[in-house]
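Trainee: Each chain is listed here by its residues.
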Amino acid sequence: MQIHISTADGVPIYLQIVNQVKYLVASGRLAPGDEMPSIRLLAERLVVNPNTVARAYRELEQAGVVEKRRTAGTYVTEQKSPLARRERVRLLSERIDALLAQSRQMNFELEEVIDLMRQRDAAMQPASAGASP
Amino acid sequence: MIQEVSFPPAHTSPLIEIHRVTRRFGSKTALADISLTVPRGGVFGLIGGNGAGKTTLIKHVLGLLKAQTGTVAVFGLDPVANPVGVLGKIGYLSEDRDLPNWMRVRELLRYSQAFFPAWDPRYAEELREAFDLDPAAKIKNLSRGQRARAGLLVALAHRPELLVLDEPSSGLDPVVRRDILSAIIRTIADEGRTVLFSSHLLDEVERVADRVAMIHEGRILMTATMDDIKDSHRRITLRFSTFQDRPPQLVGAISSMGSGLEWTYTCYGASEQLKQAALALGAAVVEETPLTLEEIFVSRLPVRSSRSQAADLAATPQPAAT
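Chains A and B supply the protein sequences, listed in that same order.
Using my numbering, the first residue of the first sequence is number -1, and each one after it goes up by one.
Using my numbering, the first residue of the second sequence is number -13, and each one after it goes up by one.
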């Protein structure tokens, strides 16, 4: 689990952990059922206060991203749940908002942006060649 | 002191209780009426510039200095009157890492073991290997980093209830700094232990401390949990509908900069509350960003000419420093 903590931009550390775990889950790099590192281990690895990691895990649990199991340990929850989908939509919406804001500044019409996205999507296809029908 | 002080029951008593301590060296006031409570468990960071009074405060906790006025209690005891009871449970790494230069590493370990009844020889050996300290090396020949590691080993190997580190990172390379921060984290991850450390490297403090006291010129500017400090400060940029020669007074603003239509404020207060205040000034919040601990600390430093106003920063917004 690759998490990077920076104190350069002032974002609270617990929030950096929450956001990066959400991103890892949404992008599939953390799969449902994967075990999360223990609070102590992650605190030592990231060199941050264990209470900060505990707070991040609590927030992730409340958001339905991870769950505590009776056998001790924290696991990534089954991502088919509506909560998880809502979270993925939210994450993607943030990126889209940023894209739209920038395209507006640069005087692109929405239709042009959508066309451009289709073009880029087509350009990315060869990367997964072989699997195409 | 005429004032009556009531102490809480023993089971809730804080680990360190400093009450109205003033310390003067000649005509210089090093600590000016400082009161500070360090609860049991967690990492308490003392932050402030050089000469702010951090080391003097730590020396009072260790009983190396006796309070001229006020009281100091550590584990409920006066550290000056009970040096054995207090120091035996404290691991201490001083800023200058004063170790006996004439000893070899192995002698340092044996010597320290005799001093601390709770010394754990296996843990000491584990640390010695992890820190790559040669038992036959003379202390005086150790590099700066290895010397700090030797000092850290001595501070840790008796598994102290309280670990006190005075500017542990100063002058060290990132690898040794990481060893020190890891030691802090491992210490509190073991249930109930406490770390008090001073630093002017605020990014390190932001990573590891749960609680912070900001010290400046012998006074405490602010003490709070890290979460509260981070939650209650932010930078907001306001866009005004008309041109402003000077930044309009915003409730909760600590400092401001900008010109014309856009002014950026460093603020103390909740996001919603600041938005309302901005609205009342006929401005819109166009940007809001979190602040680093360092930015918060700098914003809290009193304006040079009005040092006396520093005492109650949280309550009174400072005049804008432009």
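For the record, the hints were derived by calculation from the structure and aren't laboratory data.
Treat each hint with caution, since some may be false.
Stated by the list, open to error - Listed next, the stretches of chain B that the computed footprint assigns to chain A, with coverage defined by at least 3 CB atoms under 8 Å from CB atoms of chain A:
#, stretch
1, 193 to 199
2, 271 to 278
Claimed, not checked - Facing chain A, according to a computed beta carbon distance under 10 Å, are these residues of chain B, among others:
#, residue
3, Arg26
4, Gly28
5, Asp159
6, Val161
7, Ile170
8, His186
9, Asp189
10, Glu203
11, Ala210
12, Arg220
13, Glu248
14, Val284
15, Leu287
Don't be surprised by glycine CBs; every beta carbon is placed ideally from N, CA and C.
Trainee: Output the indices of the hints that this structure fails to meet, ascending.
Mentor: Failing hints, ascending: 3, 5, 6, 8, 10, 11, 13, 14, 15.
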